[in-house]
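Asker: Chains as they are written, first to last, in the working numbering: chain X, 333 to 420; chain R, 112 to 342.
Be careful, since some hints might not be right.
As a list, the in silico DSS-like pairs of lysine-lysine whose alpha-carbon atoms are at most 30 Å apart [to be verified]:
#1 X:K343 x X:K360
#2 X:K360 x X:K373
#3 X:K373 x R:K252
#4 R:K252 x X:K352
#5 X:K373 x X:K352
#6 X:K343 x X:K373
#7 X:K343 x R:K252
The hints are simulated quantities; they were obtained by calculation from the structure and are not laboratory data.
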Amino acid sequence: MPVIVVEVMPKAELLDPAGKAVAGALAKQGRAHFSQVRIGKRFELTVDEVTEATLDEARELADDLLSNGVIEDVLRIYSAAAPLDPPA
Amino acid sequence: MTRVGVVTVPGSLDDRDAQRAVRLAGGEPVPLWHGAHDLDGVAAVVLPGGFSYGDYLRCGAIAAHSPIMSEVIAAAERGMPVLGICNGFQILVEAHLLPGGLVANDHGAFLCRDQVLRVENTSTAWTSLYEPGQHITVPLKNGEGGYIADAATLERLEGEGLVAFRYAGINPNGSANDIAGLTNPAGNIVGLMPHPEHATEPGFGPDTDAAMRSGTDGLALFRSALERVLA
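The following block holds chain R by itself, in its conformation from the complex (with noise of 0.2 Å):
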């Protein structure tokens, strides 16, 4: 069974639901430990949500700066898809390996809502089992969620198709562009603020039309990256 490493720091909070997610999709999911140098033979990495070290100094900044972190963007860097949301979202563009930064929400509250998403790169190993221009329902939640980066970035991310899921209805949190989420220009790394790992299993989801609490919009994430590593 494909192995997919979730890191823990102290502040992970979602990470017990990452790990869930990954055995729905079909892996095996491992325990990885922020004080490790060592990510125990996985094939891939999720970075969860959270508050890493109760979101003192900036968002993701001192966990992106942990020792398992230098592993995690090592083996991003050969390839090895890496996923990080919310919390692991804001580590990705501490440690600098996606672009731009996430900054308070305009409105500035904490915000938790149903969030409708348009998937707007399916090429990545996150998001090879969506169709293009998909519109997917996953729980959002965060008090820091704006994104945002300099025109020449804005510029090159839209210009390359770097956008991989965009706010669609509202944009919750006033992110430049109704960025929700990005991916890097080899496509194994991807990061966004809203929690798909929340959206994986009947009865715990977002409500559907079809019935309440039934949404799983987010399993396909987890499960093309586990396609892709089998590729």
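Same shape as in the complex, but just chain X (with noise of 0.2 Å):
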């Protein structure tokens, strides 16, 4: 079945304490050039069919419920052909 990916991520220039965490433990396994590390999501909504409107209907949800535009920014609506696919 088809999907329609959604990618949020939190604002750049806001906290992220789990990456900042994660950061934390990298620099103690001595990998400290990997200098920032940010965690975001990844929504996947399976539909029958991926059309304009299913798509459209994706992009409102994506603002409206997926994310909050005060603390998030949408990077990416696509889709895919099944759950996992890399970005066509």
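Two independent chains are provided; combine them into the complex using the hints.
Answerer: Written out as structure tokens, the structure reads:
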């Protein structure tokens, strides 16, 4: 079944405590050259068929429910043939 | 007796405490269920603390879209007193009844402490029985209590006196401008991260200079709303 993928990231200027904790773990492994880690979300919305209408609906949902524009940015919305497929 | 609704959603934690606070203040608490489209004739509503829907997606985000919230939003817009505590405050911002957002504490940890607050606005439905600038002590317990908003919003909040409570002494979570709680321009909606409902009965509140656990500084919030509704 095809999916519509919505990618959401915390805003760049906001602290991302989860990412900061991972960056700290990397530094402890001697991998401080990965100077920053930020963790976002990937939503996969399974649909029978990807149409302009379902894409539009997903765009609305992305702003209305899946993300909060005060603290997050919607990076990308795209369709994929199946869950976990890389972007086309 | 004045009926005050207390909304329970899956994951509510402090709904019983909020009901108790309403009772101690002299009101009649009315449990309201998230799936109902009915406020049961209440005169005011409390959105209590907890971890609604496991805080999945974002804190308060799923609860903000629950059926009862469309009734709460409509009533709030008509001027009904609405109080959001902790997760309830997060629900209010996710429902766009108050501006800004709440993010993880800047130190990255859950924090539980008795917190001193300064009451900044005493013209709201929930703060009229406090003195301007009064310091009160109520418990604070959250992991995502950092208040943020863009610069223009912060300027508007400060300019219009919409900061209801500010952290005093220390800023426990990195909140912008030490903001602990907000109100709307009409003053009927108040949201705050700390928990006034846990400081309403001697023996069960924060420690004071007088005696252990004797703090009841939170009770005046609930009394203020009851007084407002009767006025």
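Asker: Given the hint that X:K343 pairs with X:K360, does the C-alpha gap stay at or below 30 Å?
Answerer: holds (26 Å)
Asker: Can the restraint linking X:K373 and R:K252 be considered satisfied, given a maximum Cα separation of 30 Å?
Answerer: holds (26 Å)
Asker: R:K252 and X:K352 were given as a pair; does the straight-line alpha-carbon distance stay at or below 30 Å?
Answerer: It holds: about 22 Å lies between the C-alpha atoms, which stays within 30 Å.
Asker: Given the hint that X:K360 pairs with X:K373, does the C-alpha gap stay at or below 30 Å?
Answerer: holds (25 Å)
Asker: Does X:K343 pair with X:K373 here, judged by a C-alpha cut-off of 30 Å?
Answerer: Distance ~12 Å between X:K343 and X:K373 Cα, so the pair holds.
Asker: Between X:K343 and R:K252, does the CA-CA distance stay at or below 30 Å?
Answerer: Between X:K343 and R:K252 the Cα gap is close to 25 Å, so the pair holds against 30 Å.
Asker: Next pair to validate is X:K373 with X:K352; report whether the Cα-Cα distance is within 30 Å.
Answerer: holds (16 Å)
In terms of the numbered hints stated before, the structure departs from none.
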